[in-house]
Amino acid sequence: MAADALSATALGPSAPHASVPDASARRRRSRRGRLAVRYALLTAGALIVLFPMYMTVVNSLLAPALLDRQPPLLFPVHPIWDTYVRAWTMGHLGVYLRNSVIQTAIIVTGQLVTSILAAYSFVFLRYPLRRTLFIVFLSTMMIPFEVTMITNLDTIDSLGWYNSFQGLTVPFLATGFGTFLLRQAFLQIPKDLKEAAALDGYGHFRFLARVAVPLARPVVAALAVFSFLSAWNQYLWPLLVTGDNDNVRTVQIGLKALQGSQIQDLNVTLAGAVIAVAPLLILLVIFQKQLVRSLTGAVK
Amino acid sequence: MIRGVELAEAGPVRRRARRVREAGLGYLLLLPALCVFGVFVFYPFARNFKLALYQTPPYPNLPSTYVGLHQVGQVLSSSNFLESLVTTVLFVVFIVPAGLLIGLFLAVVAQRQLRGIAAYRVIFSSTVVTSVAVSALVFYSLMNPVVGLLPWLGISPHPSVLENTTWALPAVAVMAVWQFIGMSFIIMSAGLQALPEDVLEAAKVDGASTWTSFWRVTVPLLSPTLFFALVVAMIYAFQTFGQIDILIGYQNAAYEHVNVLIYNIYTTLVYEENPGRAAVMSIALFAITLVLTVLQLRILERRVHYGR
Numbered sequence: 001m002a003a004d005a006l007s008a009t010a011l012g013p014s015a016p017h018a019s020v021p022d023a024s025a026r027r028r029r030s031r032r033g034r035l036a037v038r039y040a041l042l043t044a045g046a047l048i049v050l051f052p053m054y055m056t057v058v059n060s061l062l063a064p065a066l067l068d069r070q071p072p073l074l075f076p077v078h079p080i081w082d083t084y085v086r087a088w089t090m091g092h093l094g095v096y097l098r099n100s101v102i103q104t105a106i107i108v109t110g111q112l113v114t115s116i117l118a119a120y121s122f123v124f125l126r127y128p129l130r131r132t133l134f135i136v137f138l139s140t141m142m143i144p145f146e147v148t149m150i151t152n153l154d155t156i157d158s159l160g161w162y163n164s165f166q167g168l169t170v171p172f173l174a175t176g177f178g179t180f181l182l183r184q185a186f187l188q189i190p191k192d193l194k195e196a197a198a199l200d201g202y203g204h205f206r207f208l209a210r211v212a213v214p215l216a217r218p219v220v221a222a223l224a225v226f227s228f229l230s231a232w233n234q235y236l237w238p239l240l241v242t243g244d245n246d247n248v249r250t251v252q253i254g255l256k257a258l259q260g261s262q263i264q265d266l267n268v269t270l271a272g273a274v275i276a277v278a279p280l281l282i283l284l285v286i287f288q289k290q291l292v293r294s295l296t297g298a299v300k
Numbered sequence: 001m002i003r004g005v006e007l008a009e010a011g012p013v014r015r016r017a018r019r020v021r022e023a024g025l026g027y028l029l030l031l032p033a034l035c036v037f038g039v040f041v042f043y044p045f046a047r048n049f050k051l052a053l054y055q056t057p058p059y060p061n062l063p064s065t066y067v068g069l070h071q072v073g074q075v076l077s078s079s080n081f082l083e084s085l086v087t088t089v090l091f092v093v094f095i096v097p098a099g100l101l102i103g104l105f106l107a108v109v110a111q112r113q114l115r116g117i118a119a120y121r122v123i124f125s126s127t128v129v130t131s132v133a134v135s136a137l138v139f140y141s142l143m144n145p146v147v148g149l150l151p152w153l154g155i156s157p158h159p160s161v162l163e164n165t166t167w168a169l170p171a172v173a174v175m176a177v178w179q180f181i182g183m184s185f186i187i188m189s190a191g192l193q194a195l196p197e198d199v200l201e202a203a204k205v206d207g208a209s210t211w212t213s214f215w216r217v218t219v220p221l222l223s224p225t226l227f228f229a230l231v232v233a234m235i236y237a238f239q240t241f242g243q244i245d246i247l248i249g250y251q252n253a254a255y256e257h258v259n260v261l262i263y264n265i266y267t268t269l270v271y272e273e274n275p276g277r278a279a280v281m282s283i284a285l286f287a288i289t290l291v292l293t294v295l296q297l298r299i300l301e302r303r304v305h306y307g308r
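These protein sequences, in sequence, are chains C and F.
According to this note's numbering, the first sequence is numbered sequentially starting from 1.
According to this note's numbering, the second sequence is numbered sequentially starting from 1.
Source of the hints: derived by calculation from the structure; they are not laboratory data.
Backbone N, C-alpha and C fix where the C-beta goes; we use that ideal spot for every residue, glycine too.
Where hints are given, some of them may not hold.
Unchecked claim - If the Cβ cut is set under 7 angstroms, some of the chain F residues that face chain C in the computed set are:
id : residue
1  : Val36
2  : Val41
3  : Leu106
4  : Ser125
5  : Leu142
6  : Pro151
7  : Trp152
8  : Ile186
9  : Leu269
10 : Ala279
Stated by the list, open to error - Only pairs whose alpha carbons sit at most 16 angstroms apart, straight line, appear in this in silico EDC-like list of lysine to aspartate or glutamate:
id : chain 1 : residue 1 : chain 2 : residue 2
11 : C       : Lys256    : C       : Asp246
12 : C       : Lys194    : F       : Glu22
13 : F       : Lys50     : C       : Asp154
14 : C       : Lys256    : C       : Asp244
Put together the whole structure using the sequences plus the hints.
Shown next as structure tokens:
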């Protein structure tokens, strides 16, 4: 079964077929069978991936009295939409989502800017110690964040950045991985192009903005996606540096606070989770194709 | 004649000035990133080695005492650390192969252009946007002993799954694998799309069976992608923290059985307020990461097959 499904894939859509006439009817039938198997696999996979999220939506709409029914209700009978209002107001989700957007925007912008500048410097400029400095950048990839957080917490504290967006974002404004990715992309740009641009009177910044970055766009996009997802997903660092200040708390920490001990409020908690994931799901529906395409550039 | 002399003299001077300017610009462009790295990566990294040598006093406000390597040995041989290490390894073993295989399988099934395939692709990628807290809450309710699905499925151990010393870690792992499916699927799809079609067709023309050509042609050609996905999966597995914090938590009876290294560092630092111990463990975590990275690079050099 799996082999059948794999066959068509591994060999691509335009696999040539031999033309023996009497075999063609059988082949058509087996092809239809394979198609059915493929759809069955696709649907089974989709159900498994979607089921947890589906149950979350169902439970978020149930009245507390219906939540602990056994067997569990697989469909929201008498949905109450009020849970969403309560999650939004009780959970301060509006503020938390805003904070997450600010935090993520600062980190993504910062990482793109610092990586683009550094990668440009490594590829298009010549100076002593360039290779050594590049190795210094690479070495930061070997040091996991968890190793540095003990002292970073003290540093943030002594800078007076506890409970602030500076504290949330500044430690992440540069990335060795991003610089590395962009350097590889800039290396693909022919050197002649740089010389031709110089003859046209392009300075470094004009060349960077009008030629280098546009040519490296798939990789820039891939880096933006990666830093977006990892910034939005941050949990440990915001937990350490935001305490209980609502004005900087991100949505991840806010959701944890919404996870009450009362089982009757579980529907509100889950409504909060749905609210937090909805904007991102919409973004995914719009950008899924670009996401894979941008990664295709990076994986190669 | 006079002009020629001027040019000859001005040339090297101007060229040198330009070289100095270029070098200056080069360093200037590195400066923002270097500042961040200096303050938030290299300095704290170095300071860990100093912290590791000092023992935190049992009562606050007393000065910490220099104990040299004594504390390092003490922590590394403590059962708390060793259990944490085993838990981390188990967790990685639970998550990484399963996450990669499911992602690869879904990517292969969804690779062909069929009617409605775009919807399936969005669904398979969807867990990439379900953040740490959202996924944890989703599974917290699914695995809840009263509200969840488990009693219905006949799984109702005592104590309940999320408080059970045997079940807690696999439960977190199931959640983590589910959350990783999206990323794994996206990476694998990108890799499959980049495969050279002519080679795949040649295999078919040569009469290779579908199973053979998948394992002998597609997988080797896909190896850079598989390697990249492996690195991403390892990082993901090692960084799993929020999921454990929300799903299990420090107050839980089963907490010691999900106490992966990173969670251990956190609790040692925040609840026990013992930076010395935390620093020793974080150096151990660094050493493990370093060994893994070197191993991965070696595999990359020897095994990974780069097409074209």
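Hint check:
{"no.": "1", "hint": "Val36", "result": "4 angstroms, holds"}
{"no.": "2", "hint": "Val41", "result": "5 angstroms, holds"}
{"no.": "3", "hint": "Leu106", "result": "5 angstroms, holds"}
{"no.": "4", "hint": "Ser125", "result": "6 angstroms, holds"}
{"no.": "5", "hint": "Leu142", "result": "6 angstroms, holds"}
{"no.": "6", "hint": "Pro151", "result": "6 angstroms, holds"}
{"no.": "7", "hint": "Trp152", "result": "5 angstroms, holds"}
{"no.": "8", "hint": "Ile186", "result": "6 angstroms, holds"}
{"no.": "9", "hint": "Leu269", "result": "6 angstroms, holds"}
{"no.": "10", "hint": "Ala279", "result": "6 angstroms, holds"}
{"no.": "11", "hint": "Lys256(C) x Asp246(C)", "result": "13 angstroms, holds"}
{"no.": "12", "hint": "Lys194(C) x Glu22(F)", "result": "14 angstroms, holds"}
{"no.": "13", "hint": "Lys50(F) x Asp154(C)", "result": "14 angstroms, holds"}
{"no.": "14", "hint": "Lys256(C) x Asp244(C)", "result": "12 angstroms, holds"}
Comparing the model with each numbered hint stated earlier shows that all of them hold.
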